[in-house]
Amino acid sequence: MGFDLNEIDYVQSLADWGVVFFACFSVAAVVAFFFAPIAGGRRGRAKLYAAAGSGPLAPVNYVLAAAGAVGAGIWSWQNPEAVAGFFELILRGVLGRAGREMAVLFVGRPALAGVAAIVGAFGGFLLLPAVLGAVQVNLGRIWTIGVLTWREAVRKRTLFVFMVFALMFMFAGWFLSEPNLRPDALVKNYVIFVLRTLTWLTLPVVLLLACWGIPDDIKARSMHTVVTKPVRRSEIYLGRILGYTFVTTAVVVVVGVVGYLWMIQQVPRAITKGEVEIDGRNVRFSETLDDEIRVEIDRVRGEPDVYVDTAAGLRKDQPAVYDLYQRAHDKFVGELLTARAPVYADNLSFYDREGVPTASGINVGDIWEYRSYVEGGEGSRARASYTFENVTPALLVDTAEVVVDADGNETVERVRKLRLESSFEAFRTFKGDMNRGLLVQYHFVKDLRRQLADGVAGVAIGKLPARDFLSLRRDVSQGNFAEAAGQLARLADGYRSRQLKLNDEDSAALKRGYGQVAELFEPFGKAWADSLATAARSVANAAASKDDAGIAEALKTFGERFQEHAATLEEKVVDVDVPYGAFAIKEFRGNIQYVGRTLRVRGSTETLDLFDDLVHGGRLKIEVACLDRSQYLGMARPDLFIRTPDKPFAVGFAKALLGVWLYFVLIVVVGVTASTFVKGPVATFLLVFLVLLGNFGYGFLQEVVSGNLKGSGSIESAVRLYTHRNPNVELDQTTTREVIAGADTTIKGGLWIVSKIIPDLEVYWLAGWVANGVDVNWAAGLSYCVFTTLAYCLPCLLVGYYSLRFRELEAK
Amino acid sequence: MSNEPVISIRNLSKIYRDFWGRAKVQAVKSLSLDVQQGEVFGLLGPNGSGKTTTVKMLLGLLFPTDGEITVLGEPPTNVEKNERIGYLPEESYLYKFLNAEETLDFYGKLFKMPADVRKERTRQLIKDVGLEHARKRQLREYSKGMTRRIGLAQALINDPELVVLDEPTSGFDPMGRDDMKKMIAKLKDQGKTVVMCSHLLGDVQEICDRIAILYSGELKVMGSVDELLQSTEQTQIVTPELDEETLAEVKEVLARRGVDVNRVETPQATLEDLFLQTVKESRERPGRRHVPENN
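For the protein sequence lines, the chains are Y and F, in the order given. Numbered per my numbering, the first sequence spans residues 1 to 812. Numbered per my numbering, the second sequence spans residues 1 to 295.
Possibly wrong hints are sitting among the right ones.
[Claimed, not checked] Chain F regions said to be covered by chain Y (calculated; three or more residues, Cβ under 8 angstroms):
1. 38 to 49
2. 59 to 71
3. 93 to 101
Derived from the structure by calculation, the hints contain no laboratory data. Bear in mind that the values here come from a model prediction, so they are computed numbers and not experimental data. All C-beta atoms, glycine included, are put in the ideal place defined by N, C-alpha and C.
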């Protein structure tokens, strides 16, 4: 099975979260169990094992251990991919990135995942008291040292960094509010400026504090007076981390809040032109060079109303227009300073110009194949098909609509609609009308017959004649369910009479196909559908267990049910294709379409409800076609999304700040850890190296160790540079070359280790989301920050604890 | 009260090594000694004799290369035993950005002392070490003597059973030294065990019950101060000042017994005594001067 861990959406639910933390805890417990006795000597060992298996907590402990282990085992059996996901997190934490490869072991192996979870669960619960006993840190003392660290930072004038921020915020507006910039680019400038200055100005402060705190303490011997008190060295270590985290938090919160307030003050002043819909009407506004305001208000019919005047004049002579201008300005700014919450399609597939499903569209020659293209024109049936899952009316947004009555009076009504936002790309084979974007049309599609046909006859199984499957497919697609039932009965007979044996591939295909059929029927929630779903499930189960007699029997039963409910199937299992308007796309910008719940079927007065008639089992299919002949429309999965009610800009910004904060926490943890075993300058050097490589060289390093870069290894590249030979020219096959290749392999091995240790610090840069007006997604954005920090914290804490514990505090 | 020694050192050795693990210097060689409860024990020796290294090993700051140490019945790495120990380092290594109150409060918190107890103890100790006037000043503004005083206060914050003092009188003016000596005497009266290392022999002689002299990491002499300093070959008689006649009679009596008189002299006070006396009188009678006329 082709498998990529990146594809696993392993953090799906609260239950998964619980297991992730539980697994972290288990690993910590196991590590403590094996390391603490070594560290604690004879006395520590005795104390540890006594804590694990005796005392008043012991019975509760064993019960919890058993219950937890059974629960985790069952859960893991059901979710091997999720187990792989969180084991990856844990293994990465303990073993660096090498753990990622190990995690793949669990994928698709429920037994292994289950056993691993049982062992982890039992170990974790059993060792709970042991871990507490072994660590024995006192939170009060950690807090005391944390507060001391904070006080030290404050009294050493560290927080003077705020002055630098204040100065920058005072004058940055001069350089950021360039009037010729597009409004969205202007907002982007402000957001990126605030987050970038916060990151890069605070980083040196945090880095130096973290790297020099403990070494300074040892050098000045102030640590001598602390460790001779009843203070564990781990408490000093954790206290230092806590204290620097206080400092970091203070800087991030204060600068974040001030930066946010500054932005929402500056941006409205900097926006001088825009276009927005107010009460269903388009309103355009701009400031002219003569300091006048130009306001254009579209009418439902006829030319737009245009008003040009100074602000004062407009307020005096046209108060209603001025009010509308103000509302338009505020709304426009509000739309820029927002956090859109997109729901992306789960799947994107294509149909070629003949209407045949294909894996991708046309490649128009881009080397970077981000988008796939469909051909336009009336003769083309090419479409891109976006499938959205879990679509419910909760995704609708409030909109205003102008309604004109018989007398021509316009009134505004509030309507809830589905907001679709797209950003497609055009590829023109001829110039065409350059003043207009390509014409695009959405089709809302419910293709139950096609899905059913794919399910029951998608693949010809066994050695049965392919033509039987083709005719079955045709009958189902065309809604001839009675004939299809007959075909199914014949297939079942054929299967039995020929005593066919199912191979692995056919077994999987049959299981998948009938599994889909069962899923197709389940949402109907009626008795007829349930009986068909059950019958389909039986076929899938029999296929899974390769029970040949069972398959024939189940197929026969399914055919009988099909026959029995043929009339109902004809009525309920339908293909619907509702084309929705046509619009010219604005390239490189968001196109927003509001789709009402009620859709009119073309060429008839019949109307359909979007959710009742077109969404089946929470699944909505939207197919996109290009209407311009011989022009191509390029689409990628993120290019079309349902834009649910926006979240406040502050929410998105706060999440980006959280990313920055987690970044600093990682720096603090790694810096303090490094300073427990090397002196300040060396720790600083290490951290600077880590930050530079993690921020700017991570991708390159991965490419180097993957061996995909041309020119091979470092020494060979140096030789090529010196001898002026480009990477495409093979070097002469000499002994020297062999030696160089050998040395390069060794260097690459070293780099491989470095690449597994260095964190990918780019994941913390969430400003891009906020700057583009999108809410930071938890699964695709913030969770990476949280897990990267957590994954590095665990080994760092172990290293820090042990290196400080066994360090002689001699400053000489 | 058990007879178990408060500190027990057996065959203790410490070798400092360089980066590559090669032996650089052997600071302590096979040292064995016991310190009993309630005594003031002095570790003496010239610079580099291994005094501070020994103290640091006692406190778990350094790890022995060989040998065994128990402090209050526990190995030095045991953290809990530190509840009963007070330590004044060679120089007061304190956080200079804190003031006196904050310093004592910080160390009190490390002992998990309740807030009210901590507050009262801080107030009392600041008074005892004579820093009431500077309680709110940051330590970076303190003189060396003041820093030593607050260092002593932090060592006593937990009312320890064992007090380890590294060069306790260094950095003090004679008044401070006197105060320190009184403080140590007070600790002894309270039944606490004091271990101090110093190379100021006068102080040690005055304060310590027993001493050990180290040289090049080796124990050379150990015993009670009185025993070690006692001279059995000479006898000294101290009386009020005698006139010439009485003196002649005493000499005559001694001569009759066949005893030669080596030396007859009027004893001189030490400079320290004179200094202390002068400062004391100056405090009591601020206007008075005592300067001979021919000066």
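Going through the hints against the structure:
By the rule of at least three residues with a Cβ nearer than 8 angstroms to a Cβ of chain Y, the coverage given for the stretch 38 to 49 of chain F is violated, with 0 such residues. Given a C-beta distance limit of less than 8 angstroms, the hint that chain Y covers the stretch 59 to 71 of chain F holds, as 5 residues qualify and 3 suffice. Coverage of the stretch 93 to 101 of chain F by chain Y holds in this model, with 5 residues showing a Cβ closer than 8 angstroms to a Cβ of that chain against a need of three.
When each numbered hint is compared with the structure, a violation occurs for hint 1 only.
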